[in-house]
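S.K.: Go by the hints and put chain B onto chain A.
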Amino acid sequence: MNTENNKSNSVVKRRSASQWAVAWRRFRRNKAGVFGLIVVLAVVFIGIFGDFIAPYPAFPNPQALAPFYNGNVRTPPNSHYLLGTDVLGTDVLSDILHGTKYALYVGVVVTLITMAIAIAVGAISGYFGGAVDNVLMRVTEVFLVFPSLLFILIFVRVLTLGAGVGTAINFLGITIPTGLTIVILVLAIFNWPGDARMIRGEFLRVRELEFVEAEKALGASNKRIIFRHILPNILSSIIVVASLTIAYAILLEAGVSFLGFGDVNTMTWGQILENNFANMRVVWWAELFPGLAILITVFAFNLLGDGLSDALNPRLRD
Amino acid sequence: MTEAILKIEGLKTYFFTEAGIVKAVDDVSFEVRKGESLGLVGESGSGKTVTALSVLKIVPKPGRIVEGKIEFKGQNLVGKSEKEMQPIRGSEIAIIFQDPSSSLNPLYKVETQLKDVLLAHQSMSKEEAHKRIVELLTLVGIPDPEIRMKEFPHQFSGGMKQRVAIARALALQPTLLFADEPTTALDVTIQAQVLDLLEDLKQKLGMSLVMITHDMGIIAKMTTRVVVLYAGNVCEIAKTEDLYEQPRHPYTALLLAAVPRLDRKKTLSIIPGNIPNLIEPPSGCRFHPRCKYSDAKCEVGPPTLEEVEPDHFVACYRWKNISLNGENTIQ
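Residue numbers (my numbering), protein chains in the order written: chain A, 1114 to 1431; chain B, 23 to 353.
Simulated from the structure, these hints should not be mistaken for laboratory data.
Treat each hint with caution, since some may be false.
Calculated pairs, DSS-like style, for lysine-lysine (alpha carbon to alpha carbon, straight line, at most 25 angstroms) [unchecked claim]:
1) B:Lys56 - B:Lys243
2) B:Lys131 - B:Lys172
3) B:Lys342 - B:Lys319
4) B:Lys261 - B:Lys95
5) B:Lys153 - B:Lys172
6) B:Lys137 - A:Lys1336
7) B:Lys56 - B:Lys224
8) A:Lys1336 - B:Lys131
9) B:Lys56 - B:Lys102
10) A:Lys1336 - B:Lys91
11) B:Lys153 - B:Lys137
12) A:Lys1336 - B:Lys105
13) B:Lys261 - B:Lys91
14) A:Lys1336 - B:Lys148
15) A:Lys1336 - B:Lys83
16) B:Lys56 - B:Lys29
17) B:Lys137 - B:Lys224
18) B:Lys243 - B:Lys224
One chain only, chain A, in its complex shape (with noise of 0.2 angstroms):
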């Protein structure tokens, strides 16, 4: 591949393919993780222009109720309202798009927080070893032993009632709810441990290898192949976990939601469910549609997250 550029006097021109190159070239050949891909892109799509495409607005406005003023409570599925309209008066279709925003709210900034604090304890205990990851490895167990859905739900709970009743964060110009920000940071202290024992073994992993030796040797700090040599190293398996990550914590928002433990003045996917949850055997569309919007985007994020594993870690599949 390599001694042929001497042959000619014109030197042979060889495209130089960085690892990035290889892995779309690859990822496009697994049909499932494109799938994954435009859907997971439809999602962040419509979670950015959910709120103008919605039939209807979102509720603190008026307008919201506009169905339920009409007598069009607990309409199934029609020309007007397509996925019909729930208990309270509102449209299906309206609340599932502007849901949306939430789910990925949710997903990627559990996600960022996650993989923030597993990429921290990951590094340090992996790379430094010792007695300092000992301690770290210790409170991660103790982190994983906790049932961690009843402590989610224990705080979750303790947490939002103190937060205040519909009251939002303003971040450059865009409303944040305080009660779902909550959530998420109650997700996220408890749902990296794996993702840090996952890291903490790819930096074992990588730690070893000859060139982190090699450039010791030359007179690299410890910081400098952590995030110039070992993390880059390692940033696929990141990746992929990062966004099985985000399907999960859509999930489990979505589950905290359902029990009833979640943000009431938010409606996310979760919140729509719980709340035609007792009315299901007359209005199901409620149920299944904003169920289907949870699964649709889920599935979408696996597709990806094992299309990405597949493009960037070819040695893993079987």
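M.R.: Using the frame of chain A, we list chain B on its own:
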């Protein structure tokens, strides 16, 4: 005699494993002189690599330097902190590793890897760095450096990768270069090229080279002086010619006899036994259980290095009583 650039005295590097303390390097002393090629030879596990890593103070855990002095250009490296060592590594003392396919980070282009090293230790503009990289790659004999520097390590063959590794080690013009079995992972045809290159570069840049190898052929070709290590101890230090002509330590003689030669009809001799367990090394001279000349004295205390002739040291109680004939003997 030229001055010593590196003086190792009584170096002890132990690995504190769960099975016990592995005395990988146990009381090793030798010096590297300015501009010379020194060979560090011994079987696997004799402490060659650990000695080199000790000098750079990058002994992997659970190993650490327990005792000894490593004097480089007049300063003792043993007492230095991580922070004080970083500027020395790479720019004063560099090392080339055995396997070039794993000693380069697969994620970065060759250019980036070299640039990193250049910019980490000195400030230079992008153009200067670029020029220097082309210079370095030309120096180590990589054709079309302008093009090849934009490529990733996996696009290079083993020999070419080792050239890149050498270029990287030489980027900051170290005064002392350790080459840790630099050709073991390469094809025989490429080996000679890489060795010639190292020899050539050593001449050009006037640095001192420490060749770590178990290959007596490379020692003969490349070095002017040899340190023979056995189980973490120094057996013999001599000029290469003297060592080949008249080895004084039975182990050295056996090493030499184990080199295949066409003009010798006898079957290739092997050294009986294995390298000892370094957790509980044999008492006295560590080689005595495998040595056919050993007597009661050898089992008692470790022998010290004695000067048998100018610049020829041996650590053996019985060197006066035995006659070894270098390359041609050993039954």
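S.K.: Holds or violated: B:Lys243 and B:Lys224, Cα atoms, limit 25 angstroms.
M.R.: holds (14 angstroms)
S.K.: B:Lys56 and B:Lys243 were given as a pair; does the straight-line alpha-carbon distance stay at or below 25 angstroms?
M.R.: The given pair, whose Cα atoms are some 19 angstroms apart, holds under the 25 angstroms limit.
S.K.: Check whether the Cα positions of B:Lys56 and B:Lys29 lie no farther apart than 25 angstroms.
M.R.: holds (11 angstroms)
S.K.: Is it true that the CA of B:Lys342 sits at most 25 angstroms from the CA of B:Lys319?
M.R.: Status holds; Cα separation ~14 angstroms.
S.K.: Would you mind confirming whether the straight-line C-alpha gap from B:Lys261 to B:Lys95 stays at or under 25 angstroms?
M.R.: holds (22 angstroms)
S.K.: Would you mind confirming whether the straight-line C-alpha gap from B:Lys153 to B:Lys137 stays at or under 25 angstroms?
M.R.: holds (10 angstroms)
S.K.: For the pair we were handed, B:Lys137 and A:Lys1336, check the Cα-Cα distance against 25 angstroms.
M.R.: holds (18 angstroms)
S.K.: With a cut-off of 25 angstroms on the C-alpha distance, tell me whether B:Lys137 and B:Lys224 pass.
M.R.: holds (22 angstroms)
S.K.: Next pair to validate is A:Lys1336 with B:Lys105; report whether the Cα-Cα distance is within 25 angstroms.
M.R.: The given pair, whose Cα atoms are some 12 angstroms apart, holds under the 25 angstroms limit.
S.K.: B:Lys153 and B:Lys172 were given as a pair; does the straight-line alpha-carbon distance stay at or below 25 angstroms?
M.R.: Holds - the C-alpha atoms of B:Lys172 and B:Lys153 are around 14 angstroms apart, at most 25 angstroms.
S.K.: Please verify whether A:Lys1336 and B:Lys148 have alpha carbons no more than 25 angstroms apart.
M.R.: holds (23 angstroms)
S.K.: Mind checking the alpha carbons of A:Lys1336 and B:Lys83 for me, to see if they're no more than 25 angstroms apart?
M.R.: Holds. A:Lys1336 to B:Lys83 sits at ~18 angstroms (cutoff 25 angstroms).
Checked against the numbered hints listed earlier, the structure breaks hint 10 alone; every other hint is satisfied.
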